[in-house]
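Residues per chain, in single letters:
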Amino acid sequence: MTVETKQQYNDEYISRFSSSRNEPEWMKELRHQALSQSESLDMPKPDKTGIKNWDFDTYVHEVKGEEISALGSLPASVAALIDADNAPNLYIQRNNSAAYLALNEKWSEQGVIFTDIFTALQQHGDLVKRFYMKDAVNIDEDRLTALHAALMNGGVFVYVPKNVVVDEPLQTIFWQEDDKVASFNHILIVAEANSAVTYVENSISHNAEQATFANVVTEVIAADNANVSYGAVDNYAAGTTVYAKRRGVAYRDARIDWAIGQMNDGNTISEHITHLIGDNSGSEAKSVVVGRGKQIQNFTTNIVHFGQNSVGSILSHGVMKDQASSVFNGIGKIEHGASKSDATQETRVLMLSQGARGDANPILLIDEDDVVAGHAASVGRVDPLQLYYLMSRGITKHEAERLIIHGFLAPVVNQLPIETVKNQLTQVIEGKVN
Amino acid sequence: MAGSVLEIKDLHVSIEDKEILKGVNLTIKSGEFHAVMGPNGTGKSTLASAIMGHPKYEVTSGSITLDGEDVLEMEVDERARAGLFLAMQYPSEISGVTNSDFLRSSINARRAEGDEIPLMKFIKEMDEAMDFLEMDKNMAQRYLNEGFSGGEKKRNEILQLLMMKAEIGILDEIDSGLDIDALKVVAKGINKLRDENFGCLIITHYQRLLNYIEPDFVHVMMQGRVVKSGGSELSKRLEAEGYDWIKQELNIQDETINA
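Going down the list, the sequences are from chains P and L.
Quick note on numbering: the first sequence equals residues 107 to 540 in our numbering.
Quick note on numbering: the second sequence equals residues 50 to 308 in our numbering.
Take these hints with a grain of salt, some might be off.
Capping the alpha-carbon separation at 27 Å, the derived lysine-lysine pairs in BS3-like fashion look like this [stated by the list, open to error]:
#  : chain 1 : residue 1 : chain 2 : residue 2
1  : L       : LYS105    : P       : LYS503
2  : P       : LYS538    : P       : LYS286
3  : L       : LYS58     : L       : LYS105
4  : L       : LYS237    : L       : LYS173
5  : P       : LYS528    : P       : LYS212
6  : L       : LYS202    : L       : LYS105
7  : L       : LYS202    : L       : LYS233
8  : L       : LYS202    : P       : LYS503
9  : P       : LYS528    : L       : LYS186
10 : L       : LYS214    : P       : LYS503
11 : P       : LYS427    : P       : LYS158
12 : P       : LYS235    : P       : LYS170
13 : P       : LYS427    : L       : LYS105
14 : L       : LYS202    : L       : LYS241
What the hints contain is simulated information worked out from the structure, not anything from laboratory work.
Given the sequences, and given the hints that come with them, work out the whole structure.
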């Protein structure tokens, strides 16, 4: 943090901002406390990636966005994410404003909440308070996380009551239309006992040159026997420095499955942790990455097993080209007492250019005897024998490489439940690897 | 195009500076089925790989032409588009690419842009070919060769051969690891292609396959060369008597390429 930023977004600013959003008093207090904590906390220390020279300070904290009256009026890059004829559950945040919201009545009648974080704070303040930065992410984890809590400026709240199974995906789009606007988005998803929900999110910006900052926290709480399927495509442009924390907490018999396309073009730290608290809980954490240009990225995926019979599997596939460099840390941790747990992980990095770098670090931390654990990691080039095989059928080298790369990234693409989002990710990958 | 000719002249091939083929001569014309036989380690599979352009094999001298065109000057994909097809002994597994997408890309690679095979026609042809080869329909949507058994991989190679309509097919030990029922199915697939527009080079070290596919010509390889050629009676004699009589006739002690 530079002195300049500290002065600009200080206690006085936070009071004003919080009041202008009609926040409950507890939220205003939380912000002030977080700001004061941020001053004494250390910066995060991503393993093997130095971030000293990264720009976390250049941004504009609040930029309003116009309401979207008709989906037909959206620019192509945003419209492509949406099936306009069939988007019954859609939230679009434009800069820091809630610009569009639709929720199928079927769900609201059953008590499902799907709304922007500020409306949620006003209308469901107690509910938000129960979960906001409590069981998943803590405010004092590091300076940037405290700063997130102090300056949170957007996000969404999803709440699914007991026994309600939402069988249509809920879609969120974070559209950073302004080149300077910061994303301090907070995504809070709570699935009560025996409920189920599928959530899909796209973040998109266009600031190829202009510097700004995304400091995003996602918290997913799955109560007993709840099932949360989370899909996301992060697509911040090259100017955005990204610090993204995703955290899941799964209680007894609950599942949280993640499918994340990490398509940012700027420097990125992504920390993704799932706590399997309850017995028989489970999580699949799949992510794919394409790195290009000179971007530096650090991805940590961690599943921590506390419950017995908990099953976690991590899959990270990365494609690196140009001078892009990435560190992939995959961590399977089995705590003492989590007997009969199963932790597996697979990290594979495909290098497309001489100058690219990829570093895969599989880590298993096991404090219990009666468990199953395994890992596979590899960093390499496109297999010449695979190329030979495809080319021997008449497919050109370029097309053969394309097929292999898309196949390599398919585990996440195929898992996204909305066809338009899936197609869009395929296109983004296409654009990045070509 | 009727009447393709694949002509191999005095072919020398090395792998990592070790010479494996030491002057192979062979001509395959449309309508002809050739079998190349021989004990292990005599260079048979190297011949198949060199024709297709496997990255590990280096042609040091000699020529391969297809209808007069220099095959050795072509990239692997160009060889395929020119009409060569190699059914591989160890096909690669490619995750995330479905068998059906791969097949369609392969077929379209041989067609002009704008003349791609219509999807419905493709599906119909694939269904028919899979039925003919007694393949599980699920295999169309599985990832290419991933988790396929040995027999499934071989059938999948023949499925591609059936659908791609190559001029010259080369089968590299397509019979290895197959039980008798699978072998019959594979042979049925190959026999279906027998017509005046299709030539075939069948590489095997068992006579067994040739009980189901009658070759017009049989060649025996030893020490990286074709040492004897004949008709289908030659393979029958090999089955009955083994290779020793040829070694004696030609005064060969060690038939492998190490000799």
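These are the hints, each one checked on the structure:
| no. | hint | in the structure |
| --- | --- | --- |
| 1 | L/LYS105 / P/LYS503 | 16 Å, holds |
| 2 | P/LYS538 / P/LYS286 | 23 Å, holds |
| 3 | L/LYS58 / L/LYS105 | 20 Å, holds |
| 4 | L/LYS237 / L/LYS173 | 20 Å, holds |
| 5 | P/LYS528 / P/LYS212 | 25 Å, holds |
| 6 | L/LYS202 / L/LYS105 | 22 Å, holds |
| 7 | L/LYS202 / L/LYS233 | 15 Å, holds |
| 8 | L/LYS202 / P/LYS503 | 23 Å, holds |
| 9 | P/LYS528 / L/LYS186 | 25 Å, holds |
| 10 | L/LYS214 / P/LYS503 | 21 Å, holds |
| 11 | P/LYS427 / P/LYS158 | 24 Å, holds |
| 12 | P/LYS235 / P/LYS170 | 25 Å, holds |
| 13 | P/LYS427 / L/LYS105 | 25 Å, holds |
| 14 | L/LYS202 / L/LYS241 | 19 Å, holds |
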